[in-house]
Structure formats: C-alpha cells, structure tokens
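**Q** So the chains spell out like this:
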Amino acid sequence: MASLPPIDIPPATTGNGAFDAPADDPNGALFDYLLRLGDDSLVLGQRLSEWTGHAASVEVDLSLANIALDLIGQATLLLDYAGEVEGRGRDGDKLAFHRDVLDFRNCLLVEQPNGDFAQTMARQFLFSTWQRRLLRHLAGSADARIAAIAEKAVKEVTYHAELAAEWVIRLGDGTEESRRRMMDGLEWMARFVPELFEADGLTAFLAERGVAADPDSFRADYEEEVGAVLAAAGLPLLPQQRPILGGRRGHHSEHLGHLLCTMQFLPRTYPEAVW
Amino acid sequence: MYTTELQKTAKVASTEDPDKLAAFEARVAADEFIEPKDWMPEAYRRTLTRQISQHAHSEIVGMLPEGNWITRAPSLRRKAILLAKVQDEAGHGLYLYSAAETLGTSREEMIEALHSGKAKYSTIFNYPTLTWADIGAIGWLVDGAAIMNQVPLQRTSYGPYARAMVRVCKEESFHQRQGYEIMMAMAAGTADQKRMAQDALNRWWWPSLMMFGPPDENSPNTAQSMRWRIKRETNDELRQKFVDITVPQAGALGLTVPDPALGWNEARGHYDFGEIDWEEFYSVVRGEGPVARERMQARREAWEQGAWVREAAAAHAEKHSRKQEAA
Amino acid sequence: MSSDWPLWEVFIRAKGGLSHRHVGSVHAPDSEIALRHARDTYTRRMEGVSLWVVRSADIVASDPSDDAAMFDPAADKVYRHPTFYTIPDDVKHI
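If you read the protein sequences in the order shown, they are chains E, F and X.
For reference, each letter of the first sequence is one residue, going 1 to 275 in my numbering.
For reference, each letter of the second sequence is one residue, going 1 to 327 in my numbering.
For reference, each letter of the third sequence is one residue, going 1 to 94 in my numbering.
Since the hints were derived computationally from the structure, they do not count as laboratory data.
Predicted, not measured: the structure shown is a model, and the values here were computed from it.
Check before you lean on any hint, since a few could be wrong.
Unchecked claim - The calculated lysine-lysine pairs, modelled on DSSO-like cross-linking and capped at a C-alpha distance of 27 Å, are:
#1 E:LYS94 <-> F:LYS194
#2 F:LYS37 <-> F:LYS20
#3 F:LYS170 <-> X:LYS15
Isolated chain E, as found in the complex:
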C-alpha cells in the first residue's frame, strides 16, 4: 500500500519543496537537518516505547526499553539544538509536542507500526544499521555540537544495530513460523529503505560545508552489511520495491498522524500547563 507516489529525484535538482528552507539560508538548512535527525530518533523511540510490558520475555522488554531510552535521549539533544538554531524560543519539547505532520522530518521507516516482534526487529535492523554509519560520519562534522551528539549516540546505536542483527538471524534461522514472520517484516519495511539514502539540496548544501554526511557515501557498505546479516539468517536479499519517499519533506504515511495524536495529546489539550 503506497501512501504516496514515488518521487524521482534527478541528480541535479535541489529537491526543496515548498516547506523546505531555502538552500541559501544556512541556519534554516541546519534547523531542518537537525529536525530530520531528531525526529528519526523521537518517532522510533516513541514506537519502541509502545512495547513496554508486552514483549515475549521480561528480558526483551528491558532491551527494547533501553533502545527507546537511548533514542529519546538523542531526540532531546537534537531537538533542543534545533530550537536554538532556529532562534524562536522553541525547545525540544515545543518541537516534539507542538508540530503537526507536515512539519515532521523523520524518514517513513521509523514511523511504521510495530507489528509483531519480527516487524519491529526488521525496522530496527534496517534503521540502526543505517543510523550507525550516518553517526560515524557525523562524529566528524564541522558543526561541533552535532559532532559531540553523534559521538555519544554512535555507541548507543552500535548496540542497537548489533542486537537487531542478532534477532534477525535468530528469527530468520529459527522455526518455519519465525522465518515467515521475519520475511513479512522485511517485506513491509523494504520500500522505505531508499529514502534513507535520498540526497536532496539540503543534504548536498550541508555536506559541502562538512556539516552533514552524504548518505550515498556509505550506501554500498550499508547494502553489504545488510546482505551479510540476511545471508547469516538464511534469508533472501531485500525485495526490490518501488521506493516510497516524502518523509523528509513532511509527507508521511498515515501512521504518523496517529502516533502524534497519542504523543502530543496532553501538551496540546493543556497548552498552558507545565508538567
């Protein structure tokens, strides 16, 4: 079910949509980039926290909560910084709880529903493997604040990627049922992987200045790493599917609106309140 038609981006275009900051506005570009990073962590952390109390064993509950806590911590650092860069007095909470879908910049992968444990692990594996490589690059960012956040986060995400890979292998090479579920989970998520490597004017602009990482530079490594884990799991390569894009420009799947409804309900219902 494609929520949006795929968008082909010719290599030369900027990819800026109506909602994007103009590429000649460095602060606007940095703000938007921080939202992408921060929203990825926030939305995935929120998704994982839905598991609390419902996992297959108490130990798995603890693992999932640890990953969620890391991600919410990253989101806090990144969105607070985004608010500072924007300079309009918004902090991480304001950005997390008082934006609507069109202003969220996360990739579509992280907002996908948990499904069963295999689907959750498929999402985690595909995302964390990518996020770890991105953060490794960002640890050397020309922006000292991004570099510091990335250096801290890359340790967390290394663990997430490893744990998710372990589970993909166990479920892929477990029972008939788990193999089928693992394949279903990967099948669901595969169409959102190309978006992780989508390069637009914003990333190009910031990558040129040494602030952002060009995801294309680690695409081959990513594919190799994912392939190796799938092979170890006895699973076929990711199915080739029509890429679904749009998250980086605020065009999301239907799922994000519901996630935000839940997450934002208190601050939006009681805008005057301090919690």
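Could you slot chains F and X onto chain E? The hints should help.
**A** Showing chains F and X alone in chain E's frame:
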C-alpha cells in the same frame, strides 16, 4: 513495587526432621541467612516461593498501569523518566523471579500460575490510570508504600531474596521522588492540573493503604513469617508508619487526604485514620478489581504472542549447537 | 507450547582491578543473547565494565550437608595465618 501478603496459612508439616527443624529455627533466630541449597522446612520453601513469586508478579503486572502513559507522557524528560521507571520494574520482576527460582520452581511455572489466576499479585494494580496525575500518585503513594515494605526485606532470612531486595531498594530510590515531583507540578499548576491531582489522590489513597494487607488480627501468618524473618514488621505497623509519613506530604502539596476521620492523635503520637473497606480489598484479591481482566489479558497475550519468538530463538540455538558439535 | 529459555548466571566486574561477582541470572536462548540480556538487565546504572554469563546448569556446587567435611578441617590450621607467629616489635619488614 511490592506485594501484599495473601497466602493461606503455612503450617509446618509434622514429618519434618525435628533436629533439622530446630537447627534451622536457631539459625534464622540468630539472623543468619539461609541459602538455596541449605536444608529448609517445606513450609518455609512454599511460603517463600509464594511470597517472592507474588512479589515478582506484582512488578510485572505493575508495569501495565504506568506503561499505559509512557506514549502520552507530556514532555521528553517525563517520557524518559517514566520509561526508565517501568523498565526498572521489569528488572525487579526479573531479579525476583531469579530469587524464587533458586527455591526449585521454574519461572515458567510461576508465570503459568499467574496466568491461570492461581497466583496473586498486589491488589493495587487492578485500578486504572485515568489521567497523568495517576502516574504521580502511583510514584508517590504506591512506591512509597512499597519502599516501606521493602526496606525491612533487605534483611529477610532467605539470602537470594534479601540480595534481590538490596538491589531493588537501591534502584527504586528515585521512583517515589519522581512521582512526588509530578504531583508538585500538578498541584501547583493550572486549575485542570489541580483537579487531576486531587482526583488522583482521592482514587489512590485507600487502595494504597490496602497494599499493606489485611489487619493484623486477620493475618494468621504474620507470627510464623516474623519468626522466619520473611517479614519483619506487621501489616498494621507498616500501614501506620505510611500514614504518618504521607499525610504531611499531602499537606505540603495542598491536597486533601480523602478521609474525614483523619486526625493527629497527640496521645498516641500517630495519625488516627478511618476504617478501611476490607470488602473492597477482598473482592480485588479474588480478582474482581476494576481492571483485573485487562491486566491478566495483557499479560497472557504478551506471553502467548511471544511464544513463537521464544521457540524460534531456542530452535536457532539448538541448530547452532548441533553445527558446533559436528564441526 | 510456550516454554521459557534456559537460565544463565550473571557475573559483573564493577571496575578494573576487581573480580567478577555474581549478581543474579537471566533467561536467554544462547550465550550471545544471554550477554545482551545481562547487559540490559544488570548494567543499566554503570554497574560494570565486564560481564560473564554461564549456564546455571553448568555450575557445580558443593552440598551444604557436606559443610562440615568440606570446610571445618580448615578451622584449626591457624599456622596458615601470619598472625600465628610472634616476631619481636623491633624486627622490621617481616
């Protein structure tokens, strides 16, 4: 979190070796620790297995009422704190199941006893969390009551239980404080927030007092359990202590404890408080709490829907170890 | 069927220079996941720098009913302790 003492009478069977029994009682009376492989009377083993597993179940079921609000926590800070707290409860359940397993009952058996309704857990978790203030009230009152019960258990006679409780108490020290902090923000907040805070106190006060279990005159095992150092203070003593400590805390928040009979008794040096509705308590013990069905359904579903995950990982381990042997 | 995973005992080295110490146990399907479960359960507050896990079934323990035969014979071997020997105070470095 914590468990109410709900077991039936534990009687020492007359078939126990009287010399061994006397030696055991002497060790316990001397405040020595009993360790897993030591000789112990069957009734001690049974009582402890029941108490520790009830305690573990309470931690695990206790994740649900608070878990209900993690996705709706009103700030990033509150979300992280609540998630870490509920995660601690998972950890504490795990420590306690581990301690109970050293007595010879597998975790699986304990979990099945919970799901079949045979095993009990603290009555408090059969009440719903309706507003964000409930998260504050649970931390403040429920964890407050739990701490009161758990601190003496760090010196309980069974070594693995005592060690688990040391770890639990250390980790829980932030739980009550975060709850009270939520209540402070709510009680000092907007009219809507104040209303939620008072309402939460109204709903959680009496169930919190019930957490200490039936009154001493209806608690037939207290004497035995105290002699065995499985329990170190009586239900009524702990309950009084809780009231004495908590009433001024409510005052500091500007909230009213929902008990017209509440008053300081100069002569006793304690607060007097109203009659607890024990009918309500026993109904909830029987599994008739307002959300008892929802709690059990959630736990059963997690376990049943997780079966294929556990099986898959076990199957993978099996294949892997066969491969290693072949190599 | 909904059976649980095997039990593993967890040992943590709190910091360099200290021995690993038993802290509790976890259930896990295999050794790698056991390490991860031990990490996620027992090191949430910077409790350690190194972890060991060992299958509970693989631990061989002495029997408490043999305590007397196992441990009492050491009780009267006081000559194994330095304080057993009297050396004059003015003799140094011994």
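**Q** If a hint holds in the structure, say so; if it does not, say that too.
**A** Each hint, compared with the structure:
no., hint, in the structure
1, E:LYS94 <-> F:LYS194, "holds, 23 Å"
2, F:LYS37 <-> F:LYS20, "holds, 14 Å"
3, F:LYS170 <-> X:LYS15, "holds, 19 Å"
Violated hints for the displayed structure: none, as all numbered hints are satisfied.
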